[in-house]
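Take these sequences, add in the hints, and give me the full structure.
Here the sequence shown stands for residues 73 to 301, where the numbers follow my numbering.
Keep in mind the hints are simulated off the structure, nothing from the lab.
A portion of the hints provided could be inaccurate.
Stated by the list, open to error - Subject to a maximum C-alpha distance of 30 Å in a straight line, what follows is the list of computed DSSO-like cross-link-like pairs (lysine-lysine): (1) K272 - K178; (2) K263 - K186; (3) K208 - K178; (4) K283 - K272; (5) K111 - K145; (6) K186 - K114; (7) K208 - K272; (8) K178 - K263.
To be verified - Label pairs and their calculated CB-CB ranges: (9) T253 - L142: 33 to 39 Å; (10) N224 - E136: 22 to 28 Å; (11) K114 - R256: 38 to 44 Å; (12) L233 - Q193: 37 to 43 Å; (13) D89 - S279: 38 to 44 Å.
Positions of the beta carbon are idealized from the N, C-alpha and C atoms, including for glycine.
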Amino acid sequence: MVRVGRNLEVKKNLLSDQIYEVLRERIKTGLYPPKTRLKEGKLAEEMGVSRTPIRDALRRLEREGYVVILPGKGAYVRWLSLNEMRELIEIRSILEAYATRLVAEKKDETLIEKLEDLLKQFKEAMDQKNIPLCVKISTEFHETIYRNCGNNKLYEIITSLRDQFYQIRILLLEIPGMMETSWRDHLEIVKLLRENNVEKIESFVRSHIMKTIQVFINQQRGSDHGEEN
73 MVRVGRNLEV
83 KKNLLSDQIY
93 EVLRERIKTG
103 LYPPKTRLKE
113 GKLAEEMGVS
123 RTPIRDALRR
133 LEREGYVVIL
143 PGKGAYVRWL
153 SLNEMRELIE
163 IRSILEAYAT
173 RLVAEKKDET
183 LIEKLEDLLK
193 QFKEAMDQKN
203 IPLCVKISTE
213 FHETIYRNCG
223 NNKLYEIITS
233 LRDQFYQIRI
243 LLLEIPGMME
253 TSWRDHLEIV
263 KLLRENNVEK
273 IESFVRSHIM
283 KTIQVFINQQ
293 RGSDHGEEN
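Spelled out as C-alpha cells, the structure:
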C-alpha cells in the first residue's frame with residue numbers, strides 16, 4: 073500500500089529545507105541586509121511555491137536567530153544591537169588570537185600557501201568592490217585557521233558563533249577603507265605566520281580586532297543598523 077499522505081509530508085519537508093537553505097545563505101552573504109523585510113507572498117512567487125513552505129522556513133530561521141517575526145508586521149532579517157556586536161567582536165578577538173597562535177606553532181607551509189591564495193582572491197574581489205565575495209573569502213580565511221588550529225574544542229566554540237559573525241563582517245567591510253585595511257592586516261598575519269613569530273602574531277590579531285571595534289561602533293552609532301541595547 074502506498075502511503076500518499078506520508079510521501080507528501082516528506083516532500084513538503086524537503087521543500088521547506090531547500091527554501092530555508094536559500095534564505096539563510098542570502099542572509100549570511102548580505103544579499104538580505106539587517107532589517108530587510110521578507111515578504112511571504114513575494115518569496116513564494118519568486119520560488120514558485122505556496123506560502124506554506126516559505127512560512128515554515130521563516131519560522132525555522134526565527135528559531136535559529138536569523139529572522140525576527142513581528143506580530144502584524146511580518147518577518148525581518150534580525151539585526152544585532154551594538155552591545156551584542158561589541159560582545160561578539162570581543163569574543164572573536166580572544167578566540168581568533170589564540171587559534172592563530174596555535175597555527176603559528178605548527179609551521180604548516182601548505183596552510184600558509186592556502187591563506188596566501190585566499191588573500192589573492194580577496195584582493196581581486198576588493199578591486200571589483202564585491203563586498204559579498206570579500207565577506208565569503210574573509211570567512212574562508214578565518215575558517216581555514218580555525219580548522220587547522222589543532223584544538224577541536226576551540227573549533228567547536230568558534231563554529232557555534234560563526235554565523236553571527238557574518239552580519240558583522242558585512243557591516244564592517246561596508247565602512248569606507250575597511251576592505252583595504254582588512255586586506256593589509258591579513259597580509260601581516262600571513263607574514264607573521266611565515267616568520268613563525270608566535271608571540272607577536274597573537275598580540276597583533278588581538279590589537280587588530282580590538283582596534284576595529286571602536287571604528288565599527290562609531291560607524292554604527294551614526295547608522296540605523298545597530299541599537300545600543
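message: Run through the hints listed earlier and report the numbers of any the structure violates, in increasing order.
response: Structure breaks hints 6, 12.
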